[in-house]
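Just so you know, the sequences run in chain order A and B. Counting in this note's numbering, the final residue of the first sequence is number 116, and the numbers go up one at a time with none missing. Counting in this note's numbering, the final residue of the second sequence is number 114, and the numbers go up one at a time with none missing.
Hints may be right or wrong, so weigh each one.
Unchecked claim - Below, simulated PhoX-like cross-link-like pairs (lysine-lysine); rule was C-alpha separation at most 25 Å, straight line: (1) A:11 to B:106; (2) B:1 to B:68; (3) A:57 to B:113; (4) B:42 to A:11.
For the record, the hints were derived by calculation from the structure and aren't laboratory data. Note that the coordinates shown come from a computational prediction; the quantities given were computed from them, not determined experimentally.
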Amino acid sequence: GAGVSQSPSNKVTEKGKDVELRCDPISGHTALYWYRQSLGQGLEFLIYFQGNSAPDKSGLPSDRFSAERTGGSVSTLTIQRTQQEDSAVYLCASSSTLAGVQETQYFGPGTRLLVL
Amino acid sequence: KQEVTQIPAALSVPEGENLVLNCSFTDSAIYNLQWFRQDPGKGLTSLLLIQSSQREQTSGRLNASLDKSSGRSTLYIAASQPGDSATYLCAVRRYGGSQGNLIFGKGTKLSVKP
């Protein structure tokens with residue numbers, strides 16, 4: 001596609017429920033990133049996928065958070081047993097890789113998650 | 001631990017004014033620094049990327065500088081327009097560890113009044 005797309009654009013859920021957020025990166029981009037933007041906070045790195053390498057999960061805040069990237073393209077971020085503090089905008093980005101170096105990251109519009 | 005700070009948190013200027021947004025970072029061992037723009041309800045748009053070996057980058061009315069040794073970057077916007085109103089984010093990519101993630105400041109919310 002022309003850019004990074006994310007779905008849903010908005011999600012309201014009840015505390016304790018599981019949610020899945022989807023990211024479609026730009027075609028051909030080997031690197032994919034998830035970030036979280038909470039109210040009044042900066043963007044917080046969550047997880048990074050690069051090709052077929054093991055993902056860098058160092059930013060995931062708890063074991064309730066997990067992510068997959070199938071076929072090197074679409075990624076799903078799953079939050080289990082959601083808590084109110086999980087309410088945030090979840091942003092996905094992708095980038096190409098040139099000579100082993102990640103290029104500029106292109107961001108999707110985000111998914112706004114509200115946990116009641 | 002790398003920390004990125006942006007000052008001011010918010011700025012309001014009349015149309016036509018030149019302005020400077022500031023970004024500072026605590027660890028000078030960075031790979032590059034990027035400035036992004038975020039419009040309400042939308043994702044981030046990359047404005048300028050400065051490699052660690054560079055001192056500045058220019059695009060149209062925007063000029064970004066980098067002083068790695070002092071841990072500072074500035075984004076200069078010339079002849080501001082109401083359409084420049086947005087939140088501007090500064091982010092650094094670090095050396096070592098995961099080369100994938102960016103570390104962001106909290107942004108400067110700019111309002112340009114017509």
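25 Å limit on alpha-carbon distance, applied to hinted pair residue 1 (chain B) and residue 68 (chain B): holds, 16 Å
Straight-line alpha-carbon gap residue 11 (chain A) to residue 106 (chain B), limit 25 Å: Within the cut-off at roughly 24 Å; holds.
Given hint residue 113 (chain B) paired with residue 57 (chain A) - CA-CA distance at most 25 Å: Violated, at roughly 42 Å.
Restraint status (C-alpha distance of residue 42 (chain B) to residue 11 (chain A) at most 25 Å): With Cα atoms ~15 Å apart, residue 42 (chain B) and residue 11 (chain A) stay inside 25 Å; holds.
In the structure shown, a violation is registered for the earlier hint numbered 3 alone.
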